[in-house]
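A.B. asks: From just these sequences and the hints, can you work out the full model?
All residue numbers for the sequence shown refer to this note's numbering, where the first residue is 1 and numbers rise by one.
Derived from the structure by calculation, the hints contain no laboratory data. Predicted model, so just to flag it, every value in this text is computed and none were measured. Glycine included, each C-beta is placed from N, C-alpha and C at the ideal position.
Simulated restraints, written as ranges between beta carbons of each label pair: (1) Asp-60 to Thr-33: 34 to 42 Å; (2) Tyr-58 to Thr-24: 13 to 21 Å; (3) Leu-18 to Gly-68: 27 to 35 Å; (4) Gly-65 to Leu-28: 33 to 41 Å.
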Amino acid sequence: MTDAQGGPSLQPTLSEWLKAREETARHLAEGATPPVDATWVQRLADLLATERSWQDQYTDLVALGSEGGRFPSSNR
1 MTDAQGGPSL QPTLSEWLKA REETARHLAE GATPPVDATW VQRLADLLAT ERSWQDQYTD
61 LVALGSEGGR FPSSNR
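C.D. replies: Structure representation (structure tokens):
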């Protein structure tokens, strides 16, 4: 999928990422207390792995417009 400027579209990925984060926050707000059920723990593990993947992909996409095609390293 591409955006109006011809680059990759981040909106579908971003909306799914935000939805998953909202679901996690809602689950915690509804009183999830230790021990949390194994199914929910697995969903959280999947969410975190997916979030890392999305962050890597987003960084790579942003880097396309950077000098040398690489995202700058963090100062932190």
